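Protein chains in written order, with UniProt numbering: chain A, 1 to 305; chain B, 1 to 345.
Source of the hints: derived by calculation from the structure; they are not laboratory data.
It is possible that some hints are incorrect.
[To be verified] Here are the simulated DSSO-like pairs of lysine-lysine, each with C-alpha atoms no more than 27 Å apart in a straight line:
| id | chain 1 | residue 1 | chain 2 | residue 2 |
| --- | --- | --- | --- | --- |
| 1 | B | LYS175 | B | LYS284 |
| 2 | B | LYS273 | A | LYS283 |
| 3 | A | LYS294 | A | LYS211 |
| 4 | B | LYS175 | A | LYS149 |
| 5 | A | LYS294 | B | LYS245 |
What you are looking at is a predicted structure, and each value in this text was computed from that prediction instead of being measured.
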Amino acid sequence: MSLAKIKHIVLVLSGKGGVGKSSVTTQLALSLSLSGHSVGVLDVDLTGPSMPRMFNIEDAKVTQAPGGWLPVSVHPANPQAGIGELRCMSLGFLLRGRGDAVVWRGPKKTVMIRQFLTDVLWGEMDYLLIDTPPGTSDEHISLAEALLKDALPGQVAGAVVVTTPQAVATADVRKELNFCAKTSIPVVGVIENMAGFVCPNCAECTNIFGKGGGQVMADDFNVRFLGGVPIDPQFVMLVETGRRPSYPEGTIINGQDFPKAQETGHVDSGAQETKDASLLADKYRSCSLEPIFKKITQDIVSAIG
Amino acid sequence: MAPSLEEPEPVQDVQDVLDNPLKSRPQLVAPEPEHCPGPESEKAGTADSCAGCPNQAICASAPKGPDPDIPLISARLSGVRHKILVLSGKGGVGKSTFTSLLAHAFATNEDQTVGIMDTDICGPSIPKMMGVEAETIHISSTGWSPVWVADNLGVMSIQFMLPNRDDAVIWRGPKKNGLIKQFLKEVEWGNMDFLLVDTPPGTSDEHLSVNSFLKESGIDGAIMLTTPQEVALLDVRKEIDFCRKAGIRVLGLVENMSGFVCPNCTHESQIFKATTGGGAALAKEMGIPFLGEVPLDPRIGMACDYGESFFDHYPESPACKALRGVVRGLASEIGIDPQLVMPDD
Numbered sequence: 001m002s003l004a005k006i007k008h009i010v011l012v013l014s015g016k017g018g019v020g021k022s023s024v025t026t027q028l029a030l031s032l033s034l035s036g037h038s039v040g041v042l043d044v045d046l047t048g049p050s051m052p053r054m055f056n057i058e059d060a061k062v063t064q065a066p067g068g069w070l071p072v073s074v075h076p077a078n079p080q081a082g083i084g085e086l087r088c089m090s091l092g093f094l095l096r097g098r099g100d101a102v103v104w105r106g107p108k109k110t111v112m113i114r115q116f117l118t119d120v121l122w123g124e125m126d127y128l129l130i131d132t133p134p135g136t137s138d139e140h141i142s143l144a145e146a147l148l149k150d151a152l153p154g155q156v157a158g159a160v161v162v163t164t165p166q167a168v169a170t171a172d173v174r175k176e177l178n179f180c181a182k183t184s185i186p187v188v189g190v191i192e193n194m195a196g197f198v199c200p201n202c203a204e205c206t207n208i209f210g211k212g213g214g215q216v217m218a219d220d221f222n223v224r225f226l227g228g229v230p231i232d233p234q235f236v237m238l239v240e241t242g243r244r245p246s247y248p249e250g251t252i253i254n255g256q257d258f259p260k261a262q263e264t265g266h267v268d269s270g271a272q273e274t275k276d277a278s279l280l281a282d283k284y285r286s287c288s289l290e291p292i293f294k295k296i297t298q299d300i301v302s303a304i305g
Numbered sequence: 001m002a003p004s005l006e007e008p009e010p011v012q013d014v015q016d017v018l019d020n021p022l023k024s025r026p027q028l029v030a031p032e033p034e035h036c037p038g039p040e041s042e043k044a045g046t047a048d049s050c051a052g053c054p055n056q057a058i059c060a061s062a063p064k065g066p067d068p069d070i071p072l073i074s075a076r077l078s079g080v081r082h083k084i085l086v087l088s089g090k091g092g093v094g095k096s097t098f099t100s101l102l103a104h105a106f107a108t109n110e111d112q113t114v115g116i117m118d119t120d121i122c123g124p125s126i127p128k129m130m131g132v133e134a135e136t137i138h139i140s141s142t143g144w145s146p147v148w149v150a151d152n153l154g155v156m157s158i159q160f161m162l163p164n165r166d167d168a169v170i171w172r173g174p175k176k177n178g179l180i181k182q183f184l185k186e187v188e189w190g191n192m193d194f195l196l197v198d199t200p201p202g203t204s205d206e207h208l209s210v211n212s213f214l215k216e217s218g219i220d221g222a223i224m225l226t227t228p229q230e231v232a233l234l235d236v237r238k239e240i241d242f243c244r245k246a247g248i249r250v251l252g253l254v255e256n257m258s259g260f261v262c263p264n265c266t267h268e269s270q271i272f273k274a275t276t277g278g279g280a281a282l283a284k285e286m287g288i289p290f291l292g293e294v295p296l297d298p299r300i301g302m303a304c305d306y307g308e309s310f311f312d313h314y315p316e317s318p319a320c321k322a323l324r325g326v327v328r329g330l331a332s333e334i335g336i337d338p339q340l341v342m343p344d345d
């Protein structure tokens with residue numbers, strides 16, 4: 001089975017849509033890869049796959065090899081720089097046009113997910129992150145079933161649950177935590193995304209969607225709170241246009257001064273504005289969210305053990 | 001299991017799913033095998049992959065033809081004048097928020113009755129946003145009564161049927177379809193001017209069911225919600241494609257979370273930057289009306305958390321003004337006088 005040589009499988013779940021599951025998955029993957037692990041990302045959001053866009057590999061096609069599908073490489077391993085390999089698999093690669101709708105009912109999705117789990121040739125790998133669609137339905141049931149059946153004991157490290165701070169979102173995410181309990185998937189921790197927005201003009205932090213909802217929920221369910229991640233338009237720009245994040249002088253995020261982009265003195269080369277997937281990890285290092293995710297990643301790695 | 005190297009062909013499949021969504025599902029004795037044509041489909045029991053399946057006889061003898069419940073649904077909804085779907089391929093763009101705001105906006109005119117049906121079964125948000133989370137449904141001899149938020153504003157959601165509000169509804173598609181059908185069949189909406197149908201993200205079971213169950217009784221169309229960034233537009237494009245294929249009229253596109261005005265320095269930031277032109281460009285590309293942009297306002301989120309009406313509390317905010325414009329645009333799309341729905345005060 002194709003999952004056999006994967007050390008840890010981590011699910012990224014949320015009952016609510018648009019809280020940033022794919023963004024969190026992307027950043028966890030980049031962060032894990034930057035700390036030297038080999039990482040694979042499996043996108044099982046069949047009706048709205050975002051991973052190809054996130055990694056900027058929308059035009060990539062999946063290669064078929066004897067025995068299964070080969071995942072698409074985002075960047076290769078670079079042992080000198082301590083960067084691990086990053087690969088991705090998504091239904092988005094199999095669609096003809098990017099605007100095509102996948103109108104599938106449950107049983108068909110189930111088959112596709114099973115196939116995604118069994119037929120992708122990941123080979124040897126440290127982490128497999130599985131990005132899921134919102135809800136607790138077909139995709140999730142199939143995923144949980146397939147993993148319970150096929151995965152080796154201890155291989156499924158658990159689920160990282162993403163939420164936003166407002167009560168409307170945590171109400172849905174609570175359901176997801178109950179789903180994890182019912183399907184006996186351990187919860188690695190809760191990440192509160194979109195916790196505050198730092199105005200790029202005056203550096204005032206506004207809690208657009210409130211604050212603290214994730215922490216309260218984590219306490220209620222007695223699970224680890226991995227941290228709050230603020231909204232950073234620079235990260236959105238990085239994903240959308242490939243622009244290296246840069247911040248005005250004196251921007252302080254989470255108590256850390258962040259004019260880092262200037263300090264490190266990247267010379268404006270042609271690569272600066274290009275949307276090359278292989279440069280994504282390097283550019284992400286200039287993003288204000290990188291240190292936050294570095295910490296979250298360390299917590300996850302030590303929690304998984 | 002032998003790996004299949006076949007490339008899936010979702011595009012051809014769509015038409016079959018849309019054409020044959022309504023056969024009532026037979027009771028199966030075993031899980032559907034791989035490549036199952038679907039127990040509801042025209043080919044059930046006769047396709048190549050059915051050979052040897054323990055369900056074959058059941059599927060083959062299942063009643064074919066339109067669902068007998070459709071006329072009942074049409075009769076139930078005959079008093080509802082306008083049925084509007086709120087759709088988006090992407091989650092968290094504000095479908096439920098917009099649905100509740102729209103309902104409040106329509107309900108500001110006391111002569112109009114408005115209903116909301118929440119078809120997001122796994123993550124129902126409407127009861128919380130309307131402040132009726134703790135309510136339960138009353139069942140009478142004529143049907144299920146919706147929960148009334150105001151004299152002219154009724155709500156129906158699966159949340160009302162859960163014993164514990166944090167319970168997860170872990171259901172596969174067919175069960176969800178059954179519930180949606182029951183909602184449509186049993187809920188006593190009565191005479192109503194607008195029924196807003198809030199949907200979950202995606203293009204799957206819920207959407208197919210709502211569409212096919214309501215087709216007979218006539219849907220006015222769908223409002224499409226998006227946020228400005230391309231990652232969201234990508235999914236919304238799929239949803240518009242779905243509407244085309246399913247024959248649902250798209251009444252218009254609304255761009256939510258279009259910008260954020262810092263309460264400290266009033267500098268406007270594009271949090272979800274429209275690098276590809278945002279909703280306006282997408283509407284133009286797809287040839288659908290663009291109804292407007294609604295800015296991000298933290299007070300909307302707060303009003304939703306506390307179940308209050310944003311319209312009543314902050315009528316002067318820019319977001320509220322933008323919403324008024326959207327409601328007027330929508331009214332003229334469905335052929336009502338915008339002045340009746342949302343007078344310029």
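Comparing the hints with the structure gives:
Proposed proximity of B:LYS175 and B:LYS284 is contradicted: the alpha carbons are some 38 Å apart, above 27 Å. Taking the CA atoms of B:LYS273 and A:LYS283, the gap is near 18 Å; set against the 27 Å cutoff, the hint holds. Pair hint A:LYS294 plus A:LYS211 holds up; C-alpha atoms about 21 Å apart against a cutoff of 27 Å. Our distance criterion of 27 Å between C-alpha atoms is met by B:LYS175 and A:LYS149, whose separation comes to about 23 Å.
Using a Cα cut-off of 27 Å, the hinted pair A:LYS294 and B:LYS245 is violated, with the two alpha carbons roughly 44 Å apart.
Hint compliance for this structure: hints 1, 5 are not met, and every other hint is.
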